[in-house]
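Participant: Here's the letter readout for the chains.
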Amino acid sequence: MFDLTGKRALVTGASGGIGREIAKALASAGATVALSGTRVGALEDTAKEIGVDCPILPANLSKLDEVDKLVPAAEQAMGGLDILVNNAGMTRDNLFMRMKDEEWDDVIAVNLTAAFHLNRACLRGMMKQRWGRIIGISSVVGVTGNPGQGNYAASKAGLIGMNKALAHEVASRNITVNSIAPGFIASAMTDELNDKQREAILGTVPMNRLGTAQEIAACTVFLASDAAAYITGHTLNVNGGMAMI
Amino acid sequence: MSDVADRVRKIVVEHLNVDAEKVTEKASFIDDLGADSLDQVELVMAFEEEFSVEIPDDAAESIQTFGDAVSFLTKATS
Numbered sequence: 001m002f003d004l005t006g007k008r009a010l011v012t013g014a015s016g017g018i019g020r021e022i023a024k025a026l027a028s029a030g031a032t033v034a035l036s037g038t039r040v041g042a043l044e045d046t047a048k049e050i051g052v053d054c055p056i057l058p059a060n061l062s063k064l065d066e067v068d069k070l071v072p073a074a075e076q077a078m079g080g081l082d083i084l085v086n087n088a089g090m091t092r093d094n095l096f097m098r099m100k101d102e103e104w105d106d107v108i109a110v111n112l113t114a115a116f117h118l119n120r121a122c123l124r125g126m127m128k129q130r131w132g133r134i135i136g137i138s139s140v141v142g143v144t145g146n147p148g149q150g151n152y153a154a155s156k157a158g159l160i161g162m163n164k165a166l167a168h169e170v171a172s173r174n175i176t177v178n179s180i181a182p183g184f185i186a187s188a189m190t191d192e193l194n195d196k197q198r199e200a201i202l203g204t205v206p207m208n209r210l211g212t213a214q215e216i217a218a219c220t221v222f223l224a225s226d227a228a229a230y231i232t233g234h235t236l237n238v239n240g241g242m243a244m245i
Numbered sequence: 001m002s003d004v005a006d007r008v009r010k011i012v013v014e015h016l017n018v019d020a021e022k023v024t025e026k027a028s029f030i031d032d033l034g035a036d037s038l039d040q041v042e043l044v045m046a047f048e049e050e051f052s053v054e055i056p057d058d059a060a061e062s063i064q065t066f067g068d069a070v071s072f073l074t075k076a077t078s
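These protein sequence lines are chains E and B, in that order.
Under full-length UniProt numbering, residue 245 is the last one in the first sequence; the count climbs by one each step, no gaps.
Under full-length UniProt numbering, residue 78 is the last one in the second sequence; the count climbs by one each step, no gaps.
Don't read these hints as lab results, they were simulated from the structure.
Backbone N, C-alpha and C define an ideal beta-carbon position, used for all residues, glycine too.
Some hints could be false.
[To be verified] One side only, chain E facing chain B, incomplete, derived with CB under 10 Å:
| hint | residue |
| --- | --- |
| 1 | 127 |
| 2 | 128 |
| 3 | 169 |
| 4 | 170 |
| 5 | 172 |
| 6 | 173 |
[As the list claims (entries may be wrong)] Derived DEER-like restraints, expressed as beta-carbon distance ranges:
| hint | chain 1 | residue 1 | chain 2 | residue 2 | range |
| --- | --- | --- | --- | --- | --- |
| 7 | B | 19 | E | 58 | 44 to 52 Å |
| 8 | B | 14 | E | 6 | 24 to 32 Å |
| 9 | B | 52 | E | 116 | 27 to 35 Å |
| 10 | B | 24 | E | 244 | 52 to 60 Å |
[Claimed, not checked] Below, a list of computed lysine to aspartate or glutamate pairs in the DMTMM-like style, where the Cα atoms sit at most 25 Å apart:
| hint | chain 1 | residue 1 | chain 2 | residue 2 |
| --- | --- | --- | --- | --- |
| 11 | E | 128 | B | 42 |
| 12 | E | 128 | B | 54 |
| 13 | B | 26 | B | 54 |
| 14 | B | 10 | B | 32 |
My request is simple: use the sequences and hints to build the entire structure.
Facilitator: Right under this line is the structure:
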């Protein structure tokens, strides 16, 4: 439905549930997809599932020297970069009263600072080619807040604000910058919930089910496509009605 | 007219889509040639590539006119 033939994409966190589906969906729409993540084995599995040649670019996004090598490596591997998906994220949940500086710093570093570095790094090429798509995977929590997730919420709200500012700056160059704010998506993260927690969560979701990684991937493909050319600075809320904003 | 000036003028004319005769020594990219701040960043990027030099941020900020660019790049490449 949305054709990305000839486009070159970089997906961070491509070893995780949502990132893997995003990479697969971009590839099945015709894009060449470079996979980044920390677990090489899982990235190789994703590449195998995709079934075509995918550059595998392992990187630990808490280390800025590794972050800063990622976009140049992707550009070199694919001859350029058209689509950046900042999907990698982590949690270090704790109540504010107990939250340690490191828990704050680690989450901000991976979820926000790494995305800033990657956004900045891809602009030069995208500005020159007058076409680019930057998509940040945020979270409903970045919009509504969530107890125990002050650091995570701050990082995800920060991603939305950063992407809006950048969207203003580069709109005239045919580069769109958007965010996707998933609600509760079935993943390794939600698998850790016990039944009581799961029930409590579903009580807040009008659709009464968790979302799927494929549903986030579909939105990513849409925002990356020419069909979404006039959408920028937007946050797509994909949450089963949990927060109608 | 020096070779550097010709090359700089070519970039400015192409990038900002202006007539070559408007690109005079004192012409300010923003005030006279219709550039916005992002155009200015792109011009500096184009200069860097054309002349294979690196233009640090503080130097980039001081390049406001065509003449500024020519004299910076003449020095940088001599």
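Participant: Given the hint of 24 to 32 Å, check if residue 14/B and residue 6/E actually sit that far apart at their C-beta atoms.
Facilitator: 25 Å, holds
Participant: With respect to the beta-carbon atoms only, verify the hint that residue 19/B and residue 58/E lie 44 to 52 Å apart.
Facilitator: 51 Å, holds
Participant: Hinted pair, alpha-carbon criterion (25 Å max): residue 26/B, residue 54/B. Please report holds or violated.
Facilitator: 23 Å, holds
Participant: Residue 10/B and residue 32/B: Cα distance at most 25 Å?
Facilitator: 17 Å, holds
Participant: Please check whether residue 128/E passes as an interface residue: C-beta within 10 Å of a C-beta belonging to chain B.
Facilitator: 8 Å, holds
Participant: If you check the beta carbons of residue 24/B and residue 244/E, does the distance land in 52 to 60 Å?
Facilitator: Cβ of residue 24/B to Cβ of residue 244/E: about 57 Å, so the range 52 to 60 Å holds.
Participant: Please test the hint of 27 to 35 Å on the beta carbon pair from residue 52/B and residue 116/E.
Facilitator: With a Cβ separation near 28 Å, residue 52/B and residue 116/E satisfy 27 to 35 Å, so the hint holds.
Participant: Are residue 170/E and chain B close enough, Cβ to Cβ, to be under 10 Å, as the hint says?
Facilitator: Holds. Min distance 7 Å.
Participant: Measuring from the C-beta of residue 127/E to each C-beta in chain B, is the shortest one below 10 Å?
Facilitator: 6 Å, holds
Participant: Does the nearest C-beta of chain B fall within a distance shorter than 10 Å of the C-beta of residue 172/E?
Facilitator: 7 Å, holds
Participant: Grab the minimum C-beta distance from residue 169/E to chain B and call the hint holds if it beats 10 Å, violated otherwise.
Facilitator: 6 Å, holds
Participant: Against the 25 Å threshold, does the CA-CA distance of residue 128/E and residue 42/B hold or violate the hint?
Facilitator: 8 Å, holds
Comparing the model with each numbered hint stated earlier shows that all of them hold.
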